[in-house]
Amino acid sequence: MTIYAFYIFDRHCSCIYSREYGHTNVPSSSSSTSQPSPAPSSANLGSVNKNNTSDTAKLLFGLIHSLKNLSSKLSTSDTPNLLRSFSTGSYRVHYLESLTSFKFVLLSDLDTENLQPQLWDLYSSVFLKTVVFNALSPMEFGDGKISNASFIQQSDKYLQALPVFY
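Heads up, the sequence shown is in full-length UniProt numbering, so the first residue is 1 and it goes up one at a time.
Careful: at least some of the hints might be erroneous.
What the hints assert, rightly or not - With a cut-off of at most 27 Å between alpha-carbon atoms, the simulated BS3-like pairs for lysine-lysine come out as follows: (1) K68 <-> K145; (2) K145 <-> K157; (3) K58 <-> K73; (4) K58 <-> K68; (5) K145 <-> K129; (6) K157 <-> K129; (7) K73 <-> K157.
The set of hints was computed from the structure by calculation and includes no laboratory data.
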């Protein structure tokens, strides 16, 4: 099981944080050893905020927005039909939207179960403390991005501690 990328979108549909993980330590399936690979260092984790304006982030947001609208329109009861995760042939997308319209998205492989509780923990324990309650952080990101070193470090630490990270 592997986490491939992590995105955060604000209420203006802008990608304010993107993190792609380069899993160079993942053992190949032909390997005969069953030892777990060592924890990756921050140097080989992948890129931060390199794809905020890329077509990938825009297409991902559009897909989530469309599926969210479709699921709410297909709901037959008074309770909202919330989008939590969906999968394609290659990956699974885990989605959480906060009350303040920040959208947290994790891309993982197909074998990963729903990570919405982990996204909620990431939002409530890391994002709120290091970004929202940070007086130096902007109120509106506009075309900006989250470059808070504390948030990047703590979110990486949290995601690496998950058993599905590798």
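Open item on the list: K145 and K157 were given as a pair; does the straight-line alpha-carbon distance stay at or below 27 Å?
Closed with: Status holds; Cα separation ~20 Å.
Open item on the list: With the threshold set at 27 Å, check whether the alpha-carbon distance from K58 to K73 stays at or below it.
Closed with: 23 Å, holds
- [ ] With a cut-off of 27 Å on the C-alpha distance, tell me whether K73 and K157 pass.
- [x] 38 Å, violated
Task: Given hint K129 paired with K145 - CA-CA distance at most 27 Å - done: Distance ~17 Å between K145 and K129 Cα, so the pair holds.
TODO: Compare the distance between the alpha carbons of K68 and K145 with 27 Å, and conclude whether the hinted pair is satisfied.
DONE: 24 Å, holds
- [ ] Assess, step by step, whether the Cα of K58 is no farther than 27 Å from the Cα of K68, and give holds or violated.
- [x] Measuring from Cα to Cα gives roughly 15 Å; hence the hint holds.
TODO: Mind checking the alpha carbons of K157 and K129 for me, to see if they're no more than 27 Å apart?
DONE: It holds: about 15 Å lies between the C-alpha atoms, which stays within 27 Å.
Checked against the numbered hints above, the structure breaks only hint 7 and satisfies the rest.
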